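Going line by line, the protein sequences match chains A and B.
In terms of this note's numbering, the first sequence is residues 1 to 435.
In terms of this note's numbering, the second sequence is residues 1001 to 1404.
Don't read these hints as lab results, they were simulated from the structure.
The model shown is predicted, which means the values in this text are computed figures rather than measured ones.
Treat the hints with care, as some may be off.
[What the hints assert, rightly or not] Distance windows between CB atoms, simulated:
#, chain 1, residue 1, chain 2, residue 2, range
1, A, 134, B, 1144, 53 to 61 Å
2, B, 1007, A, 17, 41 to 49 Å
3, A, 402, B, 1399, 48 to 56 Å
4, A, 402, B, 1048, 29 to 37 Å
5, A, 71, B, 1188, 20 to 28 Å
6, A, 205, B, 1082, 32 to 40 Å
7, A, 402, B, 1308, 23 to 31 Å
8, A, 134, B, 1048, 26 to 34 Å
9, A, 397, B, 1308, 40 to 48 Å
Where is the CB? At the ideal position from N, CA and C, for every residue including glycine.
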Amino acid sequence: MFAYYLDLALHSLKRNKILTALMVVAIAVGIGASMTTFTVLHVLSGDPLPGKSGKLYYPQIDPQDARGMMPGTLPPEQVTLIDGMNLLRAKRADRQALMFGGAVPIRPDSSALDPFYVEARYTSADFFAMFDAPFLYGHGWTGADDEARARDVVITRKLDDKLFNGADSVGHTMQIGGNTFRIVGVLDDWRPNPHFYDLNTGSYNYFEQVFLPLQTALELHFEHNGSNDCWGNGTGGAGGIYPSASCVWLQFWVELDNPAKAAAYQQFLVHYSEEQKALGRFQRAPNVRLDNLMQWLDYNGVVPSDVRLQAWLAFGFLLVCMLNTVGLMLAKFLRRSGELSVRRALGASRRALFAQLLTESGVIGIAGGAGGLLLALLGLWMVRHRPSDYAALAHLDPAMLLVTFALALGASLLAGMLPAWRACNVAPALQLKSN
Amino acid sequence: MDILPILATFRRHRITALLIVLEIALTCAIVCNAVFLISQRVHRVDMPSGVAEHELVQVQVVDIGDRPDAKARGEEDLAALRAIPGVKSVARINQLPFTDSSWNNNIFLSATQKQPTLDATLYFGINVLQTLGTRLTEGRDFNPDEYAEYRDVLRDPKLTPPVVIITRALAQKLWPGESALGQTIYFDPQTPMQVIGVVADLIRPSLSGGDDAAQWTTVVPLRFSGGGSYALRTDPGQRQRVIKAAVTALKALDPKRIIRQQRTLDDARAEFFQADRAMAGMLLGVILAVLLVTGLGIVGLASFWVAQRRRTIGIRRALGATRGDILRYFQTENFLIVTFGILLGMVLAYGLSLWLMAHYEMPRLPVAYLPIGAIVLWLIGQAAVLGPAMRAAAVPPVVATRSV
């Protein structure tokens, strides 16, 4: 029966080529625009560490002075060096890492290469295991190396390719900022997007190429890039290089395997704040937060508002396209009242007519979906050639491909529903008589 | 033209007419708001910077490792850059417009104030205003003896120079309606700073405080060595040559240093506002697409109605209606539909604007944008209906006598 309906549908569509083309194009353009923007939105609001993100938490405490305190204010979004080190050394979570970002100059041994800058992350030993960073060669450094301010470094595959032509460079040395470092590990391709563990450096497509112990970087005065918020008179940090003790500028992450541990850790943060207040360092009542990774991204509004606006706009556009298609289909189906009446008079049930008309709109939907897919691919290609930092991420994934067709088919069936229902409610006798 | 018969036909095609009215309304709402969004972006891209953009180039150079002789080297660099032919002025400045980060400081108006009044950006270096081409509108520039060393101030805030130059926008924000000259501001409670000059504009590099705070800027007389960027002022036609010569000169002084940035300020602005231009382009695309779809929808529907009414048209023609009457009938019908759509669309546009205000920090849609949307839609409606209406007018009266 379906084959027969399909045949009828194709016949009817062929009879009115321009109208058919209009409907297909309207659906295709609407779907194309929506899928382009939805894909970008989908990619940007994705989970950077699927399967792990639920166990990673970002503790916030409030070390600010009493000046300018208002009830209900949120704690700062980073930690001070003192609190960071205290929490790191307390080791109350399954894993923990303190970090900040920067850039370091590298002087290659080979004179064929000019010195260059790469983005760097100064962190502590648990970083790699916590964030599931995959090692190609070697491994990270240990907690003991952290305390010993070891000149150890982990580099990425990209840098290894550049400096050592992709060979296993573990055990080799390299010059970073005029100091000799020993390479202990090479990371395989690892590009968590968004750059969740430090959102100050730009949320997307920011990748460090060098990872080295935090205390080593502090000792060597390696450059700090990122944001720092200070209170009081925020002067006089370590060596006049880093922000002072009354500035927050480091990121601290913990791994907690289950919600019970998370609750306990939150309790620990409250106790820590009370203790610091008793010591006179903190002046405010305990003000703590413990977001997990996805909550933290949400709290920071990581997805650019332009992208969300574009998605809404495209959705509105799809709505216009659908209204357009409903109108055209209604016109078309009602015009065929005569033909439909004959079929009714010959014994076809309403349900059969309805199925036939929906088949017709389904065919339009499939054609529109195919056109929409092409347009979405074109749209994403255009997005990739835009200068935004997330441009390179705009690729259609299988899930969105399925959604494209489901949306196109759903939209056209929905658009066909009302016209089909109206058309098969035509009283056959009346229609036949008037003809 | 009698519109009652037209309204009567709407009643017979209630759903179809309603659909097209809805489509036009939605189109109207989208177009009005999208045009407004574009105008906002275009306005943003043209934001004044207060510097001689067409004459400036930026070269940022970084030495590897801490250097004890940074100060002497800085002087060497400056001398080498000044010696480049065509360079009118050179300055080492802590920051230049159109980058992703900026130096910001909290501003207090009294030593006892608890909450800062606002935060403003901070420019410093020697020769900043002359090199950038920033215009003083009141007061004076710094005297040579007013400069302090940045490193010393970091160690002891009390050494902060007691003078500051601010922008007109910041002056108006801090002391509305008053002259800023002679007023005092504080970066921290121990060091009052007197306003000795006011400049027209000087943009905050990263716009991190939002567009309203784009011109909240202070300039202080601090010297520094190490870090920052060199700004070179030259003739617009000489810029590329000057960049190359500057890089060569700096590299000649030390081949191991890294040139981190070399660009004209024009390029810097273009890059800085790329996202806004892309968004404006995308909005324009959406406007055109939505108008096209709606226009084609009207064509389709009007064609259908014309075909459906061939017999009626024939009868009217046989009864004496001219071609013009038929043409005008369809045009009026379209005009009425579009008008209903626009009326509903204005309400929708306003609603959409309220929603955008709530979620995207947009200002309210100015009323002037509503007539623009209306006129565009009327024109498109008339253009779309013209073809089908002409076909209708061409229906010969003899059709009345034929059976379908």
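Evaluation of the provided hints:
no. : hint                       : verdict
1   : A:134 x B:1144: 53 to 61 Å : holds, 58 Å
2   : B:1007 x A:17: 41 to 49 Å  : violated, 33 Å
3   : A:402 x B:1399: 48 to 56 Å : holds, 50 Å
4   : A:402 x B:1048: 29 to 37 Å : violated, 49 Å
5   : A:71 x B:1188: 20 to 28 Å  : holds, 26 Å
6   : A:205 x B:1082: 32 to 40 Å : holds, 39 Å
7   : A:402 x B:1308: 23 to 31 Å : violated, 39 Å
8   : A:134 x B:1048: 26 to 34 Å : violated, 49 Å
9   : A:397 x B:1308: 40 to 48 Å : holds, 46 Å
Going through the hint list in order, the structure does not satisfy hints 2, 4, 7, 8.
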